[in-house]
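J.: Taken in sequence, the protein lines are chains A and B.
All residue numbers for the first sequence refer to the working numbering, where the first residue is 1 and numbers rise by one.
All residue numbers for the second sequence refer to the working numbering, where the first residue is 1001 and numbers rise by one.
For the record, the hints were derived by calculation from the structure and aren't laboratory data.
Check the hints yourself; a few may be wrong.
[Claimed, not checked] Label-pair distances were calculated between CB atoms; the ranges are:
1) B:Pro1307 <-> A:Ile132: 52 to 60 angstroms
2) A:Pro176 <-> B:Lys1112: 50 to 58 angstroms
3) B:Thr1164 <-> A:Thr46: 31 to 39 angstroms
4) A:Val313 <-> B:Thr1164: 45 to 53 angstroms
[What the hints assert, rightly or not] Heads up, incomplete: computed chain A residues facing chain B, CB under 7 angstroms, no partners named:
5) Asp42
6) Thr46
7) Ala256
8) Leu302
9) Leu303
Idealized CB from N, CA, C, for every residue including glycine.
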Amino acid sequence: MSVATSKPSLLPGMRLSGARHRLLAFTSLVALIVIFSLTAPDFLSTANVIAILQSTSVNGVLAIAATLVIITGGIDLSVGTLMTFCAVIAGVVLTYWGLPLGAGVLAAIAAGAVVGLTSGTCVAKLKIPPFIATLGMMLVLKGLALVISGTRPIYFNDTPDFAEIAQGSLIGMVLPDVPIPNGVLILFLVALVASFILQRTILGRFTFALGSNEEAVRLSGVNTDRWKMAVYALAGGICGIAGLLIASRLNSAQPALGQGYELDAIAAVVIGGTSLSGGRGTIIGTLIGALIMSVLAFGLRLLSVPQEWQFVVTGAIIILAVYIDILRRGRS
Amino acid sequence: MLTRRITLGGLGAVTLAGPGAMLARAQDKAYIALISKGFQHQFWQAVKAGADKAAAELGARVTFEGPDSESQVDRQIDMLAAALAKKPAAIGFAALDSQAAIPLLRKAQQAKIPVIAFDSGVDSDIPVATAATNNLAAAALAADKMADLIGGQGKVALLVHDQTSRTGIERRDGFTKRIKSAHAKITIVATEYGGGDHLKSTEITKAILQAHPDLKGMFGANEGSAIGVINGVKELNRKLVVVGYDSGAQQKQAIREGRMAGAITQNPIGIGYKTVDAALKAIKGQPVEKVIDTGFYYYDKTNIDQPEIKAVLYD
Chain A
1 MSVATSKPSL LPGMRLSGAR HRLLAFTSLV ALIVIFSLTA PDFLSTANVI
51 AILQSTSVNG VLAIAATLVI ITGGIDLSVG TLMTFCAVIA GVVLTYWGLP
101 LGAGVLAAIA AGAVVGLTSG TCVAKLKIPP FIATLGMMLV LKGLALVISG
151 TRPIYFNDTP DFAEIAQGSL IGMVLPDVPI PNGVLILFLV ALVASFILQR
201 TILGRFTFAL GSNEEAVRLS GVNTDRWKMA VYALAGGICG IAGLLIASRL
251 NSAQPALGQG YELDAIAAVV IGGTSLSGGR GTIIGTLIGA LIMSVLAFGL
301 RLLSVPQEWQ FVVTGAIIIL AVYIDILRRG RS
Chain B
1001 MLTRRITLGG LGAVTLAGPG AMLARAQDKA YIALISKGFQ HQFWQAVKAG
1051 ADKAAAELGA RVTFEGPDSE SQVDRQIDML AAALAKKPAA IGFAALDSQA
1101 AIPLLRKAQQ AKIPVIAFDS GVDSDIPVAT AATNNLAAAA LAADKMADLI
1151 GGQGKVALLV HDQTSRTGIE RRDGFTKRIK SAHAKITIVA TEYGGGDHLK
1201 STEITKAILQ AHPDLKGMFG ANEGSAIGVI NGVKELNRKL VVVGYDSGAQ
1251 QKQAIREGRM AGAITQNPIG IGYKTVDAAL KAIKGQPVEK VIDTGFYYYD
1301 KTNIDQPEIK AVLYD
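Work out the full structure: start from the sequences and follow the hints.
T.: This is the structure we're talking about:
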């Protein structure tokens, strides 16, 4: 089992440099928070902090899904429209069919997993490059979301509990002063579970191994196709959760939304120190990356920076983050 | 006026006493956050120009933001959340989806921040006023102009951007109802939808023209539809009366060259200006009209260069 023998030499190195980068990403996050709280008076207000966390929840969950696929050395461009597709599925089940809340939640996650499995099959079995397979899937899902919904938003007015998934606040019921929305709790829960899968399960070990040296894994007798499909399916299911979060937050499934969100997710992954060439990455890094993105967005808005310049600053930070990643790889 | 501003400034300074001491000067003027449906299109830039003008003339500080595309409902919600965190004196809001924004608008209401809806309005009783174009009346004016230009009788067709948005529905209905009620000898032979897309609208126009060789006029209900109509007419080398909506470089050029008879323009500058004006009135506790008509014009070759028209047209 070459996986077993290569594991000790592979993982410690990854952990060390990963830790250094994570520290760097974390330092940038803290630096941004300090700068914004000094310059924008309302930055640390409860309303703003909650708005930032709320805004991170969807992109964060999408970025976690993207992280898993990117660690295998692949890429998933369909996360944004898959999120929308799953939101529409929830809308159909809850509003059109009038089924109970649990059915809508399960349907959205299952739909995500099935689509993820399909993408994974295209990549693993049909040998279509992940970029192309998921680009195609992105468009297919965008179209399907519009077709199924009849190009109109589906509202969740018949299931008032649905809005509670992201908008309600269990914490606020205990501590009324910090009404952190449930969507944020779900983000952290997804992060914990994904982190556990990556660090502690065989699926996680193969996720890293696929990205480091797929050929070696295959030659050691492992059915790499099956593991790859499993990772894409898992990522798809997580996109389903993102779909529930965004639909709950907007109290509607908005079929036209979603394209472009994959880029924000990938940006968060990269800022968080996950290597686009695979084999390296952490969920906590991605979480920090997603937080950096929304702290930047809200901070710049609070400072009333013109919108045109907000793009420039965000873009420059992404390039800087990738440059640091390259430096780090050069050193290790 | 002067005393009022001082009182406001004083209030601002008191509420910001904590961390905002260095910003006290900027808070002399009431801060109004405008959240629009977009920001990079010329139309929204014109709305912003109007808002900036009102801010300079009437004494307010204004910020203007909108998502990249009209599908990004969640981004707009984020912008509204950030705006609320800035504790503005008033908010101007053009909702992409009213329902999705209700929780945050309720927060604004609880914080006693007046909300002024602009452009398409907000489906709720929270906004104290709505500043928007009266699309029904504007499209009815287009119908009257069309009737004049084709001599009061014959067949006409409509090309509308979509059948779901408020502007699409109102412009279609405004035009159609006016033709039916005031111009009985004119028949509408087709009403089609091209999504506001230039190419798609061109193809639909060509299909309509081929189906109706005796068509006398066509109405394009927004910029993309109107350009599609001109293109289709040109590609089939037909002659008919085209009336458009909104402006833009291509539409203005077509009017100058006579390929389009004329068009309705909204008054985006007026939308921005009146939104800020209404916001300031609401802040001061003065009465505000519930529905503010921001006005519209019909422009053609004869008046396209007049200053009051030129000011509301964009490229």
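J.: Indicate, hint by hint, whether the structure satisfies it.
T.: Now the hints, each set against the structure:
At roughly 54 angstroms, the beta carbons of Pro1307 (chain B) and Ile132 (chain A) sit within the given window of 52 to 60 angstroms. Checked against the given bound of 50 to 58 angstroms, the beta carbons of Pro176 (chain A) and Lys1112 (chain B), roughly 20 angstroms apart, lie outside it. For the hinted restraint 31 to 39 angstroms between Thr1164 (chain B) and Thr46 (chain A), the CB-CB distance of approximately 38 angstroms keeps it satisfied. The given range of 45 to 53 angstroms is broken by Val313 (chain A) and Thr1164 (chain B), whose C-beta atoms sit roughly 36 angstroms from each other.
The closest approach between the C-beta of Asp42 (chain A) and any C-beta of chain B is roughly 5 angstroms, which is under the 7 angstroms cut-off, so the hint is satisfied. Taken as an interface hint, Thr46 (chain A) does not check out: its beta carbon lies about 9 angstroms from the nearest beta carbon of chain B, beyond 7 angstroms. Among the interface hints, the one on Ala256 (chain A) holds; its C-beta lies about 4 angstroms from the nearest C-beta in chain B, closer than the 7 angstroms criterion. The beta carbon of Leu302 (chain A) is positioned within 7 angstroms of a beta carbon in chain B (closest approach about 6 angstroms), and the interface hint is therefore held.
Restraint check, Leu303 (chain A) versus chain B: the minimum CB separation of about 10 angstroms is more than 7 angstroms; hint violated.
Checked against the numbered hints given earlier, the structure breaks hints 2, 4, 6 and 9 and satisfies all the rest.
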